[in-house]
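Engineer: Protein chains in written order, with numbering that gives the first Met the number 0: chain A, 0 to 224; chain B, 0 to 398.
It should be emphasised that the hints constitute simulated quantities derived from the structure, not laboratory data. Careful, some of the hints might be misleading.
Simulated pairs of lysine to aspartate or glutamate, EDC-like, Cα-Cα distance not exceeding 20 angstroms [said to hold, decoys possible]:
{"hint": "1", "chain 1": "B", "residue 1": "16", "chain 2": "A", "residue 2": "31"}
{"hint": "2", "chain 1": "B", "residue 1": "16", "chain 2": "A", "residue 2": "140"}
{"hint": "3", "chain 1": "B", "residue 1": "349", "chain 2": "B", "residue 2": "51"}
{"hint": "4", "chain 1": "A", "residue 1": "65", "chain 2": "A", "residue 2": "54"}
{"hint": "5", "chain 1": "A", "residue 1": "65", "chain 2": "A", "residue 2": "31"}
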Amino acid sequence: MIELREVSRLFTVGGQEVRAMDRVSLDIASGEYLSIMGPSGSGKSTLLNILGLLDTPDSGTYLLQKWDVTHLNDRQLAATRSRTIGFIFQFFHLIPRLTAQQNIELPLMLAGVSQRERRERSRPLIEAFGLAERCHHRPDELSGGQRQRVAIARAVINRPAILLADEPTGNLDRHAGGEIIDLLEGLHRDGLTLVVVTHDPEIGERAARRIRVVDGRIASDSKGP
Amino acid sequence: MDIRDQIGFVTTSIRAKRLHSALTGLGIAVGIAAVILLTSMGEGLQRFVLSEFTQFGTNLIAITPGKVTTMGASLGVIGSERLLTLEDAEALRHLPGVEAAVPMVQGNVEVKAGTRTRRITAYGVGPEMDRAFRMYVGSGHFLPPDDHRTARPFAVLGHKVARELFLDRNPLGERFQIGNQPARVIGVMEPKGQILGFDMDDTVYIPAIRALDLFNRDGLMEIDILYREGQEAGEVVAAIKRLLLARHGQEDFTVTTQQQMLEVLGSVLGMLTVAVGALGGISLLVGSVGIFTVMTIAVRERTGEIGLLRAIGATRAQVLGFFLLEGTLLAGLGGAAGLAAGLVCAATAKFFVPLLPVHTPWSFVVLAELLAMAIGILASILPARQAALLDPLEALRSE
Ligand SMILES: Nc1ncnc2c1ncn2[C@@H]1O[C@H](COP(=O)(O)OP(=O)(O)OP(=O)(O)O)[C@@H](O)[C@H]1O
Ligand SMILES: [Mg+2]
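Could you put together the complete structure from these sequences and hints?
Structural biologist: What follows is the structure, encoded as structure tokens:
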């Protein structure tokens, strides 16, 4: 469902050119569970951002569900992010003024879904993610693990095809991090394509397919246990 | 996206920074309060003046000597210009459609009865003045329909003069002096009060011929024509012009209908209202700077949030809309508060100074609120644009 062809991304920092992605080609099939590891600054986030259409390649092509999404306009980008992609960040990025439930429903609100339908769709997620008692609380009244669960619920409420997580446990303790990974793996078992960037080898090893990125290139790509 | 959802979403940020929002709204509120108060006074004044004028009736046409062009210059060749005379008034009286023709001469004069004296305004008029101007005698009679050339030295006193000169005595039939002329009181007007600052009760009405003599004038200051209800003003004006042209041989007079006068007056006063409102609008400028500042700060503070919104599917246009709406709501709320304050001020002013003409049409209220919201939109265009143009990734990274 994802095909990257010779994708490069360059940054210029202080006159120096940095190849954050260097002619990367990568295929991800629907329903895969993939982890991306590698040293700091190797280009993991850059890769994930390009997959999530938050960043655009300087060269190469990106086919998402067989559709060339390398050069989309703002409207198409927004629509694709909204319908096809779910993003999870290390720092949660919840809106502090909104309750957990309102944060979860935000993508639906942006998409113009009615309040009634939003309630109907957020309810089961809130139950399944163990947020029922906290759903009217604001983020600053939630634990880190709860916040990330809210963020995951927000990422999947619009039923995306692919879930991209950039160090989803980076800001959590071991226990909470484990719970989050369990939750993500549960979503994967239900059919979601899952890509997780992580520094934690233990978490990385859990994925069926493991990619190692070094200096903007894919250094290894291994499947199976 | 549903507008109610947008408002709901934006309201959360307005509520989150209550003090900020309140202060920003206050800037707009002060401006709107000033605008509504000042325009209410302007409008009140306009209505007041116009109603003062129309109480004389509206079927009036004034003829004044000299030709005044739109430039305000007198065109008449000096010396050849003819005066408006009592004979002119008499001739005009016989035009079809004319109900009354009132010659008019006016001046200040000292009146004296026994030992009591008083300086007042004397009006030399015709016997139809009471009817033409809807000013009626309270006791006795108005000037009798004498031949204008030999009108008897009768006088009709204003209510106040009658009391001042004759105290509690019945003034009817009493003799007194107007300047150097003897006169006899045949009537006292009803109390009328002030019209545009002139005390209408501190006056005396005498035959025009006597006033010409008294003030040593050859011509009338004005002839006022009352025409019949239902008569076309333009036709009457044309007939007047024809007649006077025939009598004078040239157009050395000016004919003004009451309607024209009201229109000119109305437009002048309307301009005044606008000017005064614009003055209040200056304080709105201050308010708009406040909105701009607060929205700029908001965009900076919420950069990460903007990135997140874009990442989960918001378009640039939606981000733009959020910030425009926020500025508009802020200004709208401030405007509403300002309207309330302005209306309370206007009502209070009217309560304590009932004479103060204050009037607030609903259209002003609606316009003022729309003005506030328009200012909100304008002031938040730049910050909103800045928010919309943010790169989502950079915005996300800013947190
Ligand atoms: N916006 C940017 N401007 C300039 N350089 C950038 C930018 N984003 C990334 N880079 C550079 O690109 C390279 C890859 O960065 P990236 O964030 O993808 O690394 P990463 O593997 O996610 O690192 P980490 O594990 O620390 O998150 C780095 O050298 C980084 O400095
Ligand atoms: Mg990273």
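Engineer: What's the verdict on residue 16/B and residue 140/A, does the C-alpha distance respect the 20 angstroms limit or exceed it?
Structural biologist: Cα-Cα ~19 angstroms, so holds.
Engineer: Has the given pair, residue 16/B with residue 31/A, been kept, meaning a C-alpha gap of at most 20 angstroms?
Structural biologist: With a Cα-Cα distance of about 44 angstroms, the restraint between residue 16/B and residue 31/A is violated, given a limit of 20 angstroms.
Engineer: CA of residue 349/B to CA of residue 51/B, is that 20 angstroms or under?
Structural biologist: Given that 20 angstroms is the threshold and the Cα spacing comes to 19 angstroms, the pair holds.
Engineer: Under the criterion that the straight-line Cα-Cα distance not exceed 20 angstroms, is the pair residue 65/A, residue 31/A satisfied?
Structural biologist: 16 angstroms, holds
Engineer: Does the alpha-carbon distance linking residue 65/A and residue 54/A stay inside the 20 angstroms limit?
Structural biologist: 19 angstroms, holds
Hint check: a violation occurs at hint 1 only; the rest are consistent with the structure.
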